[in-house]
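Participant: Sequence:
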Amino acid sequence: MSGSKKGGKSLCQLPENAKLRILEYIGLVRPCLIDITGEAHRVKQAIDHTCDTRNLFHTRGNWSTRAGRLCDHPRLPTEVLMVSREFREDLGALFWSHNRFSFILTNLNDWDCFFNAVDWAAEDVRYLHIEMRTWDNRFIKPGAQRNLLRLWSRFCRYAALEMVNLRYFSLKCRVKDMAVALKIMSAMDPFPALLQCAFHFSHTPEEDIRPVVKRNALRLTGNLGENRTFPYFDLPKEVQLIILEFLLVNQLDPYLPPGGRVPGVVSFIDRKSLRVNESRPLTCCGTCSPLKAACFCRARQTAYSTTCSCFSSPVGYFLVCRALYEDARRIFFTMNRFAFVEEDPDLMMGFMNSIPTSSFMLIRHLVFKFPAMHRHPAKPSHKPHEDSAMVSWSVLRRFIREHFELSRLSLTIVDLGTRASSWRNAAPHRNKYVRKLLEAFQDLRGLREFRVFLEDDQSYELTAERLVMGRAVARRPLDFKFPFVENGH
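Mapped onto this note's numbering, the consecutive letters of the sequence shown carry residue numbers 75 to 563.
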């Protein structure tokens with residue numbers, strides 16, 4: 075027979091999705107951020123599997139975030155791209171366009187390392203994060219770091235000419251001088267148009283620099299200028315309400331801990347005076363970094379991201395006009411769950427007195443979260459404190475009866491108990507006090523819903539709910555989600 079077998083397809087002839095799966099399998103395409111500066115020094119064999127826990131929160135400075143975790147993948151098998159010119163051009167384009175890259179810019183050697191690695195495929199790079207810093211990681215100053223600012227300007231010109239497909243970009247540096255911030259931002263004037271970008275200039279808020287950073291981010295993503303004005307009031311009323319719901323509801327509050335945090339919960343906290351540190355960090359929204367390189371949330375730091383989904387004050391929407399105020403106020407107070415996160419009724423009353431009754435009438439969900447207590451066993455000195463607390467709670471409950479619409483209000487109490495307490499009798503005495511407090515909530519009968527989560531006394535939950543709602547109350551659904559409770563009930 076003279077027939078011959080048909081030749082098979084080569085790797086470069088396969089569909090793009092098949093080639094991507096193969097590159098993922100061999101390790102040339104990976105979800106972790108690839109450090110161009112340090113990739114050449116990466117060990118070949120991974121020891122600790124930290125990449126398997128990249129979705130867990132860890133503390134970086136004053137923030138709890140999933141971003142910026144170290145990668146323990148083996149070294150990139152770039153030898154595959156050197157097999158042939160066809161592999162280099164075809165697979166190289168996929169490699170540079172689907173991976174997320176970063177590099178540190180400190181001196182000319184860093185620039186040369188980046189240039190030599192990227193120049194042959196610069197037009198394919200889509201994701202890039204830069205950490206620009208001095209050799210001793212101090213703040214960049216206008217006179218002392220002229221060479222570093224020149225390198226930054228060189229990179230911006232190079233990106234404008236060669237990196238034409240760059241769409242996701244973030245920059246982190248230490249700047250608190252307005253002149254330096256303007257230099258860095260103005261150097262990006264010729265930058266290619268971006269889809270998402272983020273900037274981080276300081277771990278403390280610099281109010282004069284933040285507007286400059288925000289304006290530049292909006293300009294780079296094409297969201298600045300009169301031609302970008304959104305015709306909100308020309309839309310049908312139904313569409314307007316959908317937009318307001320997107321802006322005011324289902325955001326993540328950065329002042330709440332990551333464990334059990336759910337969208338749409340707004341905490342009553344004095345955000346300006348709250349002390350933030352590594353032991354009590356803020357929580358990153360997880361969407362602020364287009365490359366998952368660091369936290370770019372705007373709260374309590376000089377940073378801006380075009381994709382940050384953290385909760386922010388709705389006052390800006392309230393002040394546009396009377397019609398928008400009425401719509402925004404109704405959606406904000408009706409659809410969010412408002413939470414007190416400390417067990418101090420006097421502090422709660424301080425917040426209550428600053429909100430008009432007409433807004434309280436709109437609230438549908440109120441949460442009291444009692445943080446984990448590390449109490450000593452009950453002593454005689456504790457009783458006067460608990461008695462005064464019960465009096466303050468009675469004042470707060472009376473305020474709720476007079477200013478809230480009970481028939482439409484759902485009240486949730488979450489007590490995290492005595493976690494990690496070293497005292498043997500802490501839980502029993504704590505439970506005795508909480509039971510006494512919950513029994514006093516009987517004067518709020520008429521609530522639409524009353525749910526209780528007790529970390530140390532789960533057998534009493536249904537009893538507490540029936541004290542307020544009556545014997546006919548049904549057990550809550552198995553899929554009922556408590557805020558601040560990480561694994562449900």
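What the hints contain is simulated information worked out from the structure, not anything from laboratory work. Just to be clear, a hint being listed does not mean it is correct.
In the SDA-like style, the derived pairs of lysine to any residue whose C-alpha atoms are separated by at most 20 Å in a straight line are [as the list claims (entries may be wrong)]: (1) Lys250 - Ser276; (2) Lys555 - Glu535; (3) Lys250 - Pro216; (4) Lys510 - Lys555.
FRET-style restraints, in silico, Cβ to Cβ [unchecked claim]: (5) Leu130 - Glu197: 54 to 64 Å; (6) Asp308 - Gly333: 42 to 52 Å; (7) Arg159 - Gln314: 49 to 59 Å; (8) Ala546 - Phe392: 34 to 44 Å.
Remember, predicted model here, so these are calculated numbers, not experimental data. Note that beta-carbon positions come from the ideal geometry of N, C-alpha and C, so glycine has one too.
Participant: Now tell me if each hint is right for this structure.
Facilitator: Do the hints match the structure? See the list:
no., hint, verdict
1, Lys250 - Ser276, "holds, 7 Å"
2, Lys555 - Glu535, "holds, 15 Å"
3, Lys250 - Pro216, "holds, 11 Å"
4, Lys510 - Lys555, "violated, 25 Å"
5, Leu130 - Glu197: 54 to 64 Å, "violated, 36 Å"
6, Asp308 - Gly333: 42 to 52 Å, "holds, 43 Å"
7, Arg159 - Gln314: 49 to 59 Å, "holds, 56 Å"
8, Ala546 - Phe392: 34 to 44 Å, "holds, 40 Å"
In this structure, the earlier hints numbered 4 and 5 are contradicted, and the remaining ones agree with it.
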